[in-house]
Amino acid sequence: MIRFTHVSKQFGNGTQALRDVSFQVGKGEFVFLTGHSGAGKSTILSLISAHERPTEGDVRVAGLPIAQLRAAQVPRLRRRLGIVFQDFRLLEHRTAEENVAFALEVTGARPEAIQGKVMRVLTKVGLASKARAYPRELSGGEQQRVAIARALVNDPPIFLADEPTGNLDDRAAKIVFRLIRDIHAGGTTVVFATHALELVRAAQFRTLELKQGGLVYDSAEEQGVVA
Amino acid sequence: MNLPVREALRSFRRAPLLSALSVAAIAFSLFTTGLYGLVSLNFSQSIRTLAERVEVVAFVLRGTPAETITLAAQDVAAFPEVLDVTYVSEDQALERAQAELVEFREAYQDLTTNPLPASLEIRLKPEYRSAEHARAVADRLAGFGFVDDVRYGREWVERLDRIRRLGAVIQLVIGAAFILVAVAIIGVTIRITVFQRADEIAIMRLVGATNGFIRGPFVLDGAFKGLLGGVIAVALCRLVYDLFRLGLGVEFPDLAFFDAGGVLLIVLFGTLIGLTGSLLSVGRHLRQV
Chain H
266 MIRFTHVSKQ FGNGTQALRD VSFQVGKGEF VFLTGHSGAG KSTILSLISA
316 HERPTEGDVR VAGLPIAQLR AAQVPRLRRR LGIVFQDFRL LEHRTAEENV
366 AFALEVTGAR PEAIQGKVMR VLTKVGLASK ARAYPRELSG GEQQRVAIAR
416 ALVNDPPIFL ADEPTGNLDD RAAKIVFRLI RDIHAGGTTV VFATHALELV
466 RAAQFRTLEL KQGGLVYDSA EEQGVVA
Chain U
551 MNLPVREALR SFRRAPLLSA LSVAAIAFSL FTTGLYGLVS LNFSQSIRTL
601 AERVEVVAFV LRGTPAETIT LAAQDVAAFP EVLDVTYVSE DQALERAQAE
651 LVEFREAYQD LTTNPLPASL EIRLKPEYRS AEHARAVADR LAGFGFVDDV
701 RYGREWVERL DRIRRLGAVI QLVIGAAFIL VAVAIIGVTI RITVFQRADE
751 IAIMRLVGAT NGFIRGPFVL DGAFKGLLGG VIAVALCRLV YDLFRLGLGV
801 EFPDLAFFDA GGVLLIVLFG TLIGLTGSLL SVGRHLRQV
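The listed protein sequences derive, respectively, from chains H and U.
With this note's numbering applied, the first sequence corresponds to residues 266 to 492, in that order.
With this note's numbering applied, the second sequence corresponds to residues 551 to 839, in that order.
Since the hints were derived computationally from the structure, they do not count as laboratory data.
Idealized CB from N, CA, C, for every residue including glycine.
Please note: incorrect hints may appear among the correct ones.
[Unchecked claim] Residues from chain U that keep clear of chain H, each with C-beta distances beyond 12 Å, as calculated:
| hint | residue |
| --- | --- |
| 1 | R603 |
| 2 | P665 |
| 3 | V790 |
| 4 | T826 |
[What the hints assert, rightly or not] Non-contacting residues of chain H with respect to chain U, defined by C-beta distances greater than 10 Å in every case (computed):
| hint | residue |
| --- | --- |
| 5 | H271 |
| 6 | N278 |
| 7 | G322 |
| 8 | A396 |
| 9 | R401 |
[What the hints assert, rightly or not] These stretches of chain H come out as covered by chain U in the derived footprint (C-beta under 8 Å, 3 or more residues):
| hint | region |
| --- | --- |
| 10 | 366-373 |
| 11 | 428-434 |
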């Protein structure tokens, strides 16, 4: 589903974010990306979502080569990805349901189909009763659940989470993580960047550890199971 | 409602102050340009009014038969530059002199013979009211055997030509400067709007919006603000025009305002600047992120 082959990424200011990183993530797999801040976790997610292009090497997502992706193909790729961030990135002037609906509207979905789908995902994340609430009226955990609902509404085969529990208290973080596990249980491939090691240890999923842009540990290799 | 339209309206509702400031900036930019346009329009109109006086007069030799003059007048009227030809007989010339030259009225009344010659007065079509064309017509008239002398106020017409040329250059340069400043101010205003919505654009891209989809509401928003700014600019120009015409106690009877085409041009110009400004600003932003 996702394949990195000898991938390096250097930003315009000279920062070497990734150095010769290679790994694969199979369909339906759950992978943690761990490492300190600046280790390269977010860069990997940015490469997967084509927000960045590799400086060297090859990144393939659902068979699409990111480096060669034409501008018109990028939106199509992103519609196959559900992405959530630490800072939620919700539109403040839209209600929860409008935020979720927005992800469908941009795909040109029929208006009559949107409402049903939106309520389905909001119910899934436990926020059907707060569909009309604006982000400022929701707690951090609830806002992240709206972001998850938005990420899920297009039924993406790949779900990317960039420190989704980083801004949340323990209880909210557990709820969000449980949700993402449920998404994975439904067959979705999940790449979850975090530095919350207790979460990683408790969940027992495959872990890729990054250090200064290099991949220093892959639990699957240790166990002899590489996708 | 169509999604880009809905999004454009939403942006108006969401940031009414910024939207109002954008419209105001566009309106005032177009207003100053429009005021300059009014000055320019009235200058051009004054020059045109002055140019109406450009006339070629062919004085006729005494004793020329009336039929000869009538036939010649028909020939002259067929010149491409000529608007109309008026025959002024010797008697009519004297009557006119007595009526118009009040200070010489008594002198004219004491005359035993009429010293004034008959003439053909030739008015030129508006596009031929220049020294060059007046001279060309005068030269051709001088070729007629019964024509004693031809006058067209050479110095005055040449001076008018110089004023007209200088005016055209000044109008063009200052007009272009006004338009450029308006475009720059409106462009900056629209860019501020785009920056203000940078997060929204990032989220649109995140969820897979195409560049075309992202541009849609911005372009509509910009076009609508430009349209509104254009309408307000025309209204302000009209206000200033009316103040000048009616409110200042000074009479400007011939002061002109834009005709329907001019008004439409300002409004369309505002709309076009708003539309292209948005298109360029969003496009630039999309290339950067």
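| Hints violated by the structure (numbers, ascending) | Violated hint (a single one): 11; every other hint is consistent with the structure.
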